[in-house]
Amino acid sequence: MANSQSLATEEIQVPALAALPALSVRDLTVAYDRQPVLWSVDYVSPSSGLTAIVGPNGAGKSTFIKACLDLVPRLSGEVRFFGEPLRKRRRQVGYVPQRSSVDWQFPVTVLEVVAMGRYGFIGWCLPVSRRHRNAAMECLEKVGMADLAGRQIGQLSGGQQQRVFLARALAQEAQIYFMDEPFAGVDAATERAVIDVLKSLDDEGKTVICVHHDLQTVADYFSSVLMLNLTKIADGPVATTLTQENIARTYRGRVHDLNLRA
Amino acid sequence: MDGALSVALEVLTFRAGYNASVVTLGATCLGVAAGVVGTFTFLRRRALISDAMSHATLPGVVLAFLLGIAFGLEQRNLPLLLAGAAVTGGLGVFLVQLITRSSRITEDAAIGIVLSVFYGLGVVLLTYVQSLSVGGQAGLESFILGQTAAMRRDEAIALAILALAAIVSTVLLFKEFRLVCFDAEFARGLGWPVFRIDLLMAGLSVFVTVIGLQTVGLILIVALLILPPVAARFWSDDLRTIVILSGCIGGASAWIGAALSAAFADLPTGGIIVLVAGVLFVVSLLLAPRRGAVANGWRRMSLAFRLRRDRALAELLAAEREAGPITIGQQARLWLILSGYLRNGRLTPLGRQRAMAADRNFRLWEEVLRSDRAMVPPEAAFGIDPVERLLSTEQLRSLERGLLRPAGPEHAS
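Line by line, the protein sequences give chains D and B. Following the numbering used here, the residues of the first sequence are numbered contiguously, the last one being 262. Following the numbering used here, the residues of the second sequence are numbered contiguously, the last one being 1413.
Calculated from the structure, these hints are not laboratory results. Being a predicted model, the structure only gives us computed values, none of them experimental. Honestly, I wouldn't trust all of these hints.
Mimicking DSSO-like on lysine-lysine, the simulated pairs with C-alpha atoms at most 27 Å apart in a straight line are [claimed, not checked]: (1) Lys206/D to Lys142/D; (2) Lys1175/B to Lys142/D; (3) Lys206/D to Lys88/D; (4) Lys88/D to Lys1175/B; (5) Lys206/D to Lys66/D; (6) Lys199/D to Lys66/D.
If you anchor each label on the Cβ, the simulated ranges turn out as follows [to be verified]: (7) Pro127/D to Phe1094/B: 27 to 33 Å; (8) Ile1113/B to Arg249/D: 51 to 57 Å; (9) Leu1285/B to Arg26/D: 54 to 60 Å; (10) Arg1346/B to Asp103/D: 51 to 57 Å; (11) Asp103/D to Phe1094/B: 23 to 29 Å; (12) Ile195/D to Phe1382/B: 25 to 31 Å; (13) Gly150/D to Glu1185/B: 52 to 58 Å; (14) Ile1113/B to Lys88/D: 36 to 42 Å; (15) Pro36/D to Val1294/B: 52 to 58 Å.
With the C-beta cut set under 10 Å, the calculated list includes, among others, these residues of chain B facing chain D [to be verified]: (16) Leu1173; (17) Lys1175; (18) Glu1176; (19) Arg1178; (20) Glu1185; (21) Trp1192; (22) Asp1385.
We put the beta carbon where it would ideally sit given N, CA and C, even for glycine.
Chain D with its partners taken away, still in its complex shape:
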């Protein structure tokens, strides 16, 4: 695909980056007002595979992502992407929020929204060229939305809007992606699109970290897991980490009747 070709030319730092962990977090503590939401979390992302963040409601899963992205202030801690702080690696970090709080009546088409993912490659005052529009179109195809490219963003269903933001993150050609509950409340077509995108990102060697609340399907989609509840309970490969014992510790017995798949 033309897309992977342009990737190769634009990401010249890949060999250097590959040696460093995509995300390393040390002593991350976040508080809203005075109550801590995350307490001294240390974490290093695995060198390959997709990672799920699991934990009960209010465990700080979304906050973990937002604190990594500087969207909420942290009390202490250090977050590094490929060994550098966020401000030096912003373009290599993609984020798909659970539900964007944009103005859905905004006069912008689906393709124009996805093309915004390319703005990191375009300088000040320069228009979006055909090359970037084509790249955006390819990303729309990947999420099965190419036929709706000309629609105003508010004319889409919720799942379709979610896929547009997924496509926009793809257009960014980041090296590490954060997604907040990509499977929550989506229709069948969107679920398929998310699975396909996750697979292809994994094949391209990108790091993907998703908040995921459904313990039943963790093993289906993800190879690693980070278990959070205020503090880090455990992290590692799904097979050895997502044990009954760790689940009981993460959920503090609130899901004892949960039967995991073998």
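On the provided structure of chain D, position chain B as indicated by the hints.
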């Protein structure tokens, strides 16, 4: 009256002499700039901050005048006055942000505070200046409501050039402004300096306000920033089109307004310009296709009508099948008779055909509700638009399978 109208016509067609033509041209450029810059102010939801900002220019104008006297500049020095306006206008915007960020006061209250206090200060200073025995202070009052007649030829040319500069800057920054207006958080994530882009946007609207002080006046300039984009939004969903249209509406308002006020010399230019913009807004609000009030009302009425007709037809069909009582209302009955669907209390062949189609469509829609709502586009009229036209054959087939299921195994083959 006749004479005034012919003067207006002459100004409109730029034949009223060089001076009037230049002033009208300057005003028109200002209108276009306000429409173009205002589109982004409106989309970023900063329209009211612009109002606080424009009122905050008054103390700046008067202070600059006093400063001019102190340094022995004679009469009114326009660039100095406008610089003073820009300084306190900018300060007003900054204070609104500061109050909102550093206290629990909400933005609307902060805007009210800054607007009234700065304007009050301006009025007090103005009264003081008017008691002084120096020349030139009479012109200061024209900044409040605007007076094109007071404008000199070179000032009008400068106004046109500055307005064009504002337009060119906005066009150049179109991509950045759209990004920040639509999703500032994502823009930050991409590494764009959102704060600086916002500053540029606010700076451009201060700039347009300041150069518009003479023409429209500080009380009404905000209307020229807001009315054109809001009117333009009714006509299009495409931002480029909206920006162009908004510029045209702003330009046309200023052009027509300036011509009218040249003809009726005692009318304030600013008020006339804003009234023209107001008329264009009302026309857009009412008559725009799709988004206008008339089109909206018509669409809602026709939806309700079609739904009631189809429901009545389906009910008649059910009543005929089960030999039950007919329960539809008088209005629906009358309409069905007029359409030729109902005669002597029974469905005509044409009526039966329509009724069966409506009945099937209702069932399909209910099946859509049961299976996957997301398969139909959200703008489809629920229960009314034919499901067949909205779905692919494959989707339709699976829906029909769902419809047949409760009917029993004999239909399954």
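Check the structure against each numbered hint from earlier and tell me which ones fail, lowest number first. Violated: hints 13, 22.
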